[in-house]
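Undergrad: This is what each chain is made of:
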Amino acid sequence: MLHKTSLVLLLFLINTSVYAQMERTRVGSSLPDTEIFLTSTLVGTQTVQLTPAGELQSIISHSFGPIRSGWSDLFGLDNNAAVHLGLDYGLSDAISIGIGRTSVRDVFDLRYKWVPLRQNNGKKQLYSIGVYGNLAIETLPERRFDYTFQERLSFYNSLLFARQFYDRVSIQFSPSVLHFNTLLADDREIISHTIFSAIVSGRLKLNERQSLSFEYVGYTNMENDTKHLALSYEIETGGHVFQLFLQSGYHFSEQYLIAFTQDQFFNGDIRMGFAIHRVFQLKGN
Amino acid sequence: MIIKDKQYLHFQLPQLRIFFTFSPKVVLCYLWLFLPYVSEAQSFYSDEGRASFTSSVPLYEFTGTSTYLTGKIDRDHLTVDFYLDLETLDSGIKKRDKDMRLTLNTAQYPFAEFYGTLTDSIDVNSADVQKVTAKGIFSIHGQKREITVNGELIPEQDNYRLKSEFEITLDDYGITPPSLLIVKVDPIQKIAIDILLYKE
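Read top to bottom, the protein sequences are chains A and B. Note that my numbering has the first sequence beginning at 1, numbered continuously upward. Note that my numbering has the second sequence beginning at 1001, numbered continuously upward.
Watch out, some of these pointers could steer you wrong.
To spell it out: a stretch of chain B is covered by chain A in this simulated footprint if at least three of its residues, at any positions, have a beta carbon under 8 Å from a beta carbon of chain A; those stretches are [stated by the list, open to error]: (1) 1066-1073; (2) 1082-1089; (3) 1092-1104; (4) 1107-1121.
Note that these hints are calculated values from the structure, not bench results. Beta carbons: idealized from backbone N, C-alpha and C, even for Gly.
Based on the sequences and whatever the hints tell you, model everything.
TA: In structure tokens, the structure reads:
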């Protein structure tokens, strides 16, 4: 026993007297949150991804006419484009706000996103949960009616549940409710001011720079509803994300996308489009 | 070979045969020999230093900063040991941080490290700023190079603040300078550290 104790003491002293390098330890808690999606907006719907704190993200999205028209209008490229311009700012690591404008129906939208739980492998947080909402105002002049400000408003709120699996596959489920203060009878055959829906989104990471994504309005409580589907190919550079997509919808605000999509993707009612996301640093580091 | 005396331990190494005596008296002798040696060693340590990596592209410069620089200086043996978890670098744009992590392959090589020795001793009685030079191995991206780094050691009460700036060439470490769209990042990377090392 004495021999062992002596040996331990001796080894300890010898070890102490050797000036070896420190043990290298990772700073686990500071590892970045998992990038479940490349962008905060997939095609027309929001992802659980936030605009990081202190960053301003600009989004320019274009959706063209139906490709089924063929060469006559260059597969929809000559046709009327829906254009969306957006700006989002990260107020903190958990909250972002934004403003956008879609050319179809001249819709302005104000939006917020709060994601208090964010998947982070360093912190052993396995999934992300957040809330997203927007308020949209349709500014298109209506010659038949004199709408008040309030009558032009619509709202969209949704929960966001998302997780990335095996560092490659991401899935998001977003139950939501939307409400239009005013609807015209010719907007839809059945007028429903309040609609419940569920959106499923996903991403397959091809490599660190490219991925394939989709968004699908999987459920609505509308009768005879037509469900929006979009497929997107995404390329990321250091500060940009470029998206090339095919979609059946024609709007860039969720409530319009859900309520007014009348084209069926698998009937060939597909539109090409693209989006450019660019981030700017507004805070010092 | 049989050793009957239990006061001996026998180490049979391939080419070395060493006998140690471990009687209590001898152990006390070891303690007597080693303890003063160990207790006199004075080191200074911190894991909250600031490190910045500055890259430049034409007409533009951006800096990745971390406040997790870990460092230790042994004043008596003049050893200098620093390392940084590269995934803690924050350039102000998360996408760019991700780009940097990919470029440096931090998943495989998470640390930038420097281990070396000071070329001159530290004047323990001086309250003035001392110019110091360290020679050692800098490693990043799994590649090692011997470098010489100059800095300033600033006494602050019982502690020392170390400031240093130096440059590395990314190509030397097998790092391909990234591109921001079509603009190539300069292969010269400026590194600056500022760390207040506390007496241990």
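Undergrad: Run every hint past the structure and note whether it holds.
TA: Each hint tested on the structure:
Counting residues of the segment 1066-1073 of chain B whose CB lies closer than 8 Å to any CB of chain A gives 3, which reaches the minimum of 3, so the coverage claim holds. Counting residues of the segment 1082-1089 of chain B whose beta carbon lies closer than 8 Å to any beta carbon of chain A gives 4, which meets the minimum of three for the stated coverage. Beta-carbon proximity to chain A at under 8 Å applies to 9 residues in the segment 1092-1104 of chain B; the threshold of 3 is reached and the given coverage holds. Under a criterion of three residues with beta carbons nearer than 8 Å to beta carbons of chain A, the stated coverage of the segment 1107-1121 of chain B is upheld, 4 such residues being counted.
The structure shown violates none of the earlier numbered hints.
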